[in-house]
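Colleague: If you read the protein sequences in the order shown, they are chains Y and W. Sequential numbering of the first sequence, starting at 1, is according to this note's numbering. Sequential numbering of the second sequence, starting at 321, is according to this note's numbering.
These are computed hints drawn from the structure, not numbers from a lab. The reader is advised that the hints may include incorrect statements.
[As the list claims (entries may be wrong)] Computed list of lysine to aspartate or glutamate pairs in EDC-like fashion (alpha-carbon distance at most 20 Å, straight line):
{"id": "1", "chain 1": "Y", "residue 1": "K84", "chain 2": "W", "residue 2": "D514"}
{"id": "2", "chain 1": "Y", "residue 1": "K56", "chain 2": "W", "residue 2": "D514"}
{"id": "3", "chain 1": "Y", "residue 1": "K2", "chain 2": "W", "residue 2": "D505"}
{"id": "4", "chain 1": "Y", "residue 1": "K5", "chain 2": "W", "residue 2": "E421"}
{"id": "5", "chain 1": "Y", "residue 1": "K182", "chain 2": "Y", "residue 2": "E67"}
{"id": "6", "chain 1": "Y", "residue 1": "K233", "chain 2": "W", "residue 2": "D517"}
{"id": "7", "chain 1": "Y", "residue 1": "K13", "chain 2": "W", "residue 2": "E391"}
{"id": "8", "chain 1": "Y", "residue 1": "K2", "chain 2": "W", "residue 2": "D420"}
{"id": "9", "chain 1": "Y", "residue 1": "K13", "chain 2": "Y", "residue 2": "D207"}
{"id": "10", "chain 1": "Y", "residue 1": "K91", "chain 2": "Y", "residue 2": "E80"}
[What the hints assert, rightly or not] Derived DEER-like restraints, expressed as beta-carbon distance ranges:
{"id": "11", "chain 1": "Y", "residue 1": "D16", "chain 2": "W", "residue 2": "A394", "range": "22 to 28 Å"}
{"id": "12", "chain 1": "Y", "residue 1": "V159", "chain 2": "W", "residue 2": "A394", "range": "54 to 60 Å"}
{"id": "13", "chain 1": "W", "residue 1": "N485", "chain 2": "Y", "residue 2": "P216", "range": "47 to 53 Å"}
{"id": "14", "chain 1": "W", "residue 1": "G461", "chain 2": "Y", "residue 2": "S20", "range": "23 to 29 Å"}
{"id": "15", "chain 1": "W", "residue 1": "E512", "chain 2": "Y", "residue 2": "P216", "range": "34 to 40 Å"}
{"id": "16", "chain 1": "Y", "residue 1": "N248", "chain 2": "W", "residue 2": "A513", "range": "30 to 36 Å"}
{"id": "17", "chain 1": "Y", "residue 1": "P59", "chain 2": "W", "residue 2": "P508", "range": "27 to 33 Å"}
{"id": "18", "chain 1": "W", "residue 1": "A473", "chain 2": "Y", "residue 2": "R232", "range": "29 to 35 Å"}
{"id": "19", "chain 1": "Y", "residue 1": "K72", "chain 2": "W", "residue 2": "Y529", "range": "36 to 42 Å"}
For glycine and all other residues, C-beta sits at the position ideal for the given N, C-alpha and C.
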Amino acid sequence: MKTLKKFAHVNAKTIDEAASLLQAGHAAVLSGGTDLLGTMRFEVLPTYPEVLVNLKTIPGMEYIKEEGGMLKIGAQTRLEDIAKSALVRKKYTALAEGAHRTATPHIREMGTISGNICQMNRCWYFRNPDNRFNCIRKGGTTCYAMVGDNRYHSIFGAVKMCLAVNPSDTAPALVALNAKIKTNKRLIEAENFWEMTVPGSTILAADEIVTEIQVPTPAAGCKSAFIKFAIRKSIDFPIVNCAAMIGNGEARICLNAVYNKPYRALKAEEAIKGKTIDEANADAAGAAAVASAKALPGDRNKWKIPIAKTMVKRAILACA
Amino acid sequence: MSEEKTRPTKQENNEGSGHISRRDFLKDAGLAVGAPALGSIAVSSEAAAQAKANDPAAKGVTASAAKPAAELTAVELTVNGGKYRYMVEPNWTLRQLLRDEIGFTSPKDWCGGLGACGSCTVIMNGRPILSCLTLACECNGAAIETAEGIAKAKHPVIQAYINNNAFQCGYCTPGFVCTAKALLDKNPNPTEADVRDALGGNLCRCATYQRHPPAVLEAAANLKQKA
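Given these sequences and hints, build the entire structure.
Modeller: What follows is the structure, given as structure tokens:
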């Protein structure tokens, strides 16, 4: 096993202390560590953090409670606790199922909800050990997936020439449930939370830390669901996943692992809004969702398009 | 499982049970041959001596020899009921601490530290976690259980794994056993689906997967009988 190169480690006691450490630069946030330590061990990035700021030692960041018409989840809450919570399973089904389908039981026991939504994008060129491919996401000038093997890459085009996809399973659930993400600086709509940066995947500033996830309680008559397609039932990142919340004439549908950030399927929402949920309508909505999808030159990722269509259809049917 | 069949743990060796495990034999043989030539081996003998000094069975709780670096953190943790105190570097993983320093060798490395295989699973504060992705310096005050502890406590899951032949080469087995024990601690009445779900993060290259659910369900039944 490759050993981790040296770094300093600080147990933060407050959010402000952690933020000031991050402001100083060359620092990385450590919560669950399931993604970060792997990328550090294999030196995926051209830079190596000098300081790891441990957020797990900040008290009062691990909770699941319903308050003021919304579900509040502390940023350091483990995914397994969210997946097992009776409250989340009952009313916020898509989020519980998204958390449950993330990675493996061990990683869910360690990984946090904030880490899951802030994880870096997934691309085998980007993730290659020892920074072998200095791609756009690392400050380079080439997207190696553009001409290389891109069978798992974006079906909705590139963002700033990057074809990597966001692999989070909880992200589409949060978008479908119209959640907000609270940081130490502001409150962000889940839909606007993700953005292609170098090398990150969120709009967060360097010293910004997620503190809470807020999910409005779905109106009575609304149902939500999450469906994931992956090679294996456990362990794997999604090929395509989809979360939906439908009811009361409203519909919110979000796909992930198909684009640089969670992809809200607005056309599918229009197609199913106010209609009865049945096989034919769900199928039509699925077709609408991928109407603008396009395989990359060479058609290596063409197979993802019918899967995305079916994921949308099944997510809608699960909301019946 | 009878006492003779249990592979002796380090503690048992130190207590003078007379057993020499295959691992200790190889380690000593390697030392004798390689020590004059290889500096790194000398370091490992130092680590072994440190492990002995830290062995609660032999000496009670003692501090390890201080290493000359300012950023070392003192970590006090309970492993399989024994208390250990170590000065650890920030970049040490829990797996490194357990294996290389303390001497509990059941957390294995397979995927190289990506969290993809589950072979390094240990139970920390009731949660099955990956020791390769846990920093040792964050384990202060933690209660850790490894497969050695589960075997020594004669937990029914061990005998159930033997009865069901739920392994071939055995490399992944400590990880499976820890995961299964953590599941049974939380959920004494698991269904087969629960078991499959809980073991979903452990890989077995020999593909003994079909034998794990019956083994864990048998262990659950035996646990209930015992209680």
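Colleague: Would you mind marking each hint as holding or not holding in the structure?
Modeller: Hints and how they fare:
no., hint, result
1, K84(Y) - D514(W), "12 Å, holds"
2, K56(Y) - D514(W), "28 Å, violated"
3, K2(Y) - D505(W), "33 Å, violated"
4, K5(Y) - E421(W), "18 Å, holds"
5, K182(Y) - E67(Y), "15 Å, holds"
6, K233(Y) - D517(W), "9 Å, holds"
7, K13(Y) - E391(W), "18 Å, holds"
8, K2(Y) - D420(W), "14 Å, holds"
9, K13(Y) - D207(Y), "15 Å, holds"
10, K91(Y) - E80(Y), "17 Å, holds"
11, D16(Y) - A394(W): 22 to 28 Å, "26 Å, holds"
12, V159(Y) - A394(W): 54 to 60 Å, "46 Å, violated"
13, N485(W) - P216(Y): 47 to 53 Å, "52 Å, holds"
14, G461(W) - S20(Y): 23 to 29 Å, "26 Å, holds"
15, E512(W) - P216(Y): 34 to 40 Å, "37 Å, holds"
16, N248(Y) - A513(W): 30 to 36 Å, "33 Å, holds"
17, P59(Y) - P508(W): 27 to 33 Å, "32 Å, holds"
18, A473(W) - R232(Y): 29 to 35 Å, "32 Å, holds"
19, K72(Y) - Y529(W): 36 to 42 Å, "39 Å, holds"
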